[in-house]
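Respectively, the protein sequence lines represent chains V and X. Under this note's numbering, think of the first position of the first sequence as 328, with each following residue one higher. Under this note's numbering, think of the first position of the second sequence as 328, with each following residue one higher.
Any given hint might turn out to be false.
Given that identical chains are not distinguished, each listed pair holds provided it fits within a single copy or across any two copies.
[Stated by the list, open to error] Cut-off 25 Å, straight-line C-alpha distance, at most; resulting in silico cross-link-like pairs (DMTMM-like, lysine to aspartate or glutamate):
(1) LYS472 with ASP514
(2) LYS472 with ASP512
(3) LYS460 with ASP341
(4) LYS460 with ASP437
(5) LYS457 with ASP437
(6) LYS457 with ASP433
(7) LYS629 with GLU406
Simulated from the structure, these hints should not be mistaken for laboratory data.
2 protein chains.
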Amino acid sequence: MAENPFADGCAYIDGEYFPIAEARIPIIDTGFTRSDVTYDVVAVWNGKFFRLKDHLNRFERGWNRLRMNPELSIKEMREILFECVRRSALRNAFVEMIVSRGIDEDGSRDPRRFRNRFYAYAIPYVWIAKPEKQEVGIHLVVAQKTIRIPANAVDPTVKNFHWGDLVKGTYEAFDRGAYTVVLPDADGNITEGPGFNVFVYHQGRLRTPATGVLEGITRQTVLDLAEEQGIPVELDRFGADVLEEAKEVFISSTAGGVIPVTTVNNKSVGDGKPGKITALIRKRYWEAHDEDRWTFPVIYPKI
Amino acid sequence: MAENPFADGCAYIDGEYFPIAEARIPIIDTGFTRSDVTYDVVAVWNGKFFRLKDHLNRFERGWNRLRMNPELSIKEMREILFECVRRSALRNAFVEMIVSRGIDEDGSRDPRRFRNRFYAYAIPYVWIAKPEKQEVGIHLVVAQKTIRIPANAVDPTVKNFHWGDLVKGTYEAFDRGAYTVVLPDADGNITEGPGFNVFVYHQGRLRTPATGVLEGITRQTVLDLAEEQGIPVELDRFGADVLEEAKEVFISSTAGGVIPVTTVNNKSVGDGKPGKITALIRKRYWEAHDEDRWTFPVIYPKI
Numbered sequence: 328m329a330e331n332p333f334a335d336g337c338a339y340i341d342g343e344y345f346p347i348a349e350a351r352i353p354i355i356d357t358g359f360t361r362s363d364v365t366y367d368v369v370a371v372w373n374g375k376f377f378r379l380k381d382h383l384n385r386f387e388r389g390w391n392r393l394r395m396n397p398e399l400s401i402k403e404m405r406e407i408l409f410e411c412v413r414r415s416a417l418r419n420a421f422v423e424m425i426v427s428r429g430i431d432e433d434g435s436r437d438p439r440r441f442r443n444r445f446y447a448y449a450i451p452y453v454w455i456a457k458p459e460k461q462e463v464g465i466h467l468v469v470a471q472k473t474i475r476i477p478a479n480a481v482d483p484t485v486k487n488f489h490w491g492d493l494v495k496g497t498y499e500a501f502d503r504g505a506y507t508v509v510l511p512d513a514d515g516n517i518t519e520g521p522g523f524n525v526f527v528y529h530q531g532r533l534r535t536p537a538t539g540v541l542e543g544i545t546r547q548t549v550l551d552l553a554e555e556q557g558i559p560v561e562l563d564r565f566g567a568d569v570l571e572e573a574k575e576v577f578i579s580s581t582a583g584g585v586i587p588v589t590t591v592n593n594k595s596v597g598d599g600k601p602g603k604i605t606a607l608i609r610k611r612y613w614e615a616h617d618e619d620r621w622t623f624p625v626i627y628p629k630i
Numbered sequence: 328m329a330e331n332p333f334a335d336g337c338a339y340i341d342g343e344y345f346p347i348a349e350a351r352i353p354i355i356d357t358g359f360t361r362s363d364v365t366y367d368v369v370a371v372w373n374g375k376f377f378r379l380k381d382h383l384n385r386f387e388r389g390w391n392r393l394r395m396n397p398e399l400s401i402k403e404m405r406e407i408l409f410e411c412v413r414r415s416a417l418r419n420a421f422v423e424m425i426v427s428r429g430i431d432e433d434g435s436r437d438p439r440r441f442r443n444r445f446y447a448y449a450i451p452y453v454w455i456a457k458p459e460k461q462e463v464g465i466h467l468v469v470a471q472k473t474i475r476i477p478a479n480a481v482d483p484t485v486k487n488f489h490w491g492d493l494v495k496g497t498y499e500a501f502d503r504g505a506y507t508v509v510l511p512d513a514d515g516n517i518t519e520g521p522g523f524n525v526f527v528y529h530q531g532r533l534r535t536p537a538t539g540v541l542e543g544i545t546r547q548t549v550l551d552l553a554e555e556q557g558i559p560v561e562l563d564r565f566g567a568d569v570l571e572e573a574k575e576v577f578i579s580s581t582a583g584g585v586i587p588v589t590t591v592n593n594k595s596v597g598d599g600k601p602g603k604i605t606a607l608i609r610k611r612y613w614e615a616h617d618e619d620r621w622t623f624p625v626i627y628p629k630i
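Chain V with its partners taken away, still in its complex shape (with noise of 0.2 Å):
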């Protein structure tokens, strides 16, 4: 039998399915060069969606807020992303969806007549830190160089790909000897890092920044699983004093679920191992994605 193309992945561009590889989108297209696009992600873990539905809920809220006005609909882009996944027969997939403000094709430059594209793809399910690394935790930074774009610039609710700070402050934590990174706002409170939220657990309860992150489906559902266990949790302002002093330090992350933190500035997180409360909610978190309440299943073509 030959080969799967689409086994590396699978996108759909202008209604057409391509192998990964060979996906393209136009090199003129004003979500490339004015990063004028929004965006969301979802995983396929062992063959289901999970909380498909707050994902496509949020990429609505998102190009509604930047005023685009894409031709398809919910249910067409739904059903596009089922097709990603079945055309790829993979059964962790990290499944992203774009609506993008499109191309000037008229020749105007008035994003108003600009007509809105859809893309989507399922590639290979990512880790911002694989499973074996997660067991000892990872190391995380606060940037001392570079803040995290302000919620009056750019709407951090929007998923969005301004990623030039993220990115930054990602070298900055290699320059530090780190795995990863955090950047706090124009006042030192923590914000997020490039593709993820952070929590800390701190004089008995779960903190997270409360604004000027993005409203994460796995920071949600970190804070629904918190609560089934009776933890305290709280949308909060909070410094890297805070990350420091922690008991607990975890991000949270579509790719990668709920990542545990053992060192922070070069510090160890506790007793420098993955913490109790830390490791409850990742047991949880991936008991979950086989619950019903939370998961769709993707119905795949016999082979």
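Fit chain X to the supplied structure of chain V, relying on the hints for placement.
Frame of chain V, contents of chain X only:
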């Protein structure tokens, strides 16, 4: 004779030249998915590149600051830009060069391991405001709802595609009946607009924001030409009040040159017509496109 397939524009991608409508980049290029990219735009006017060396120098500084390492030399890039223009046969062109962080070819998420990519294209000259519009001048507003991304988040002197703030401001301008927008910083100082710097002629001096902006080549050309004309120039900080009070206002961009602003925040600038200093600089700007010191001719193929 067959029509030139590159007549609408010619792009260079991965060693090949494409008609602009077929020019595509990988959807998973982090130049798109993280806007991890720098670019520059140079004009060709009447068959001559304008200040190409200055654009290439700025471009090179940009990717160095982003710690990118494209596989081509500046000389090779320069040759590709000429070839894009030659193939398009355009006498007046907007020529864009891009270095992107590129693709995670081995599945790593570590940007230090990505193969950085060079893209380029030439398309017909782009006008932020068409010449006939420039004769009457445009209506500019200072955004009230959006600030410019600050320099300690994303460095504006490294020309970038982080336009979320600029696009949001553009929609605010439309809502307020204006043509385009300029964004303030967090302290209310004027910065820049979508693709342009801003100048005022105020109290006998030509003033433009010193910091928090792209150091535009057209901005530099305006400063050079003003000095030659004996007009005092000053790089400093000023707010919306100065824009509203100024005797003359104009914007500068490779995409349109020196563009008179005759209305600011719904109020006429001066007598509501393009001013004398503006007209002088604008005239000199276009004359300079035929002066040897700043131009380099394209040798077009014989047809």
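Here is how each hint holds up against the structure:
1. LYS472 with ASP514: Close inside one copy (13 Å) and across copies (20 Å); limit 25 Å.
2. LYS472 with ASP512: both (11 Å within a copy, 19 Å between copies)
3. LYS460 with ASP341: neither (38 Å within a copy, 35 Å between copies)
4. LYS460 with ASP437: between (47 Å within a copy, 15 Å between copies)
5. LYS457 with ASP437: So LYS457 and ASP437 pass the 25 Å test across copies only (13 Å; inside, 44 Å).
6. LYS457 with ASP433: For LYS457 and ASP433, only the inter-copy Cα distance (15 Å) is at most 25 Å; the intra-copy one is 46 Å.
7. LYS629 with GLU406: within (18 Å within a copy, 52 Å between copies)
In this structure, the one hint that does not hold is number 3.
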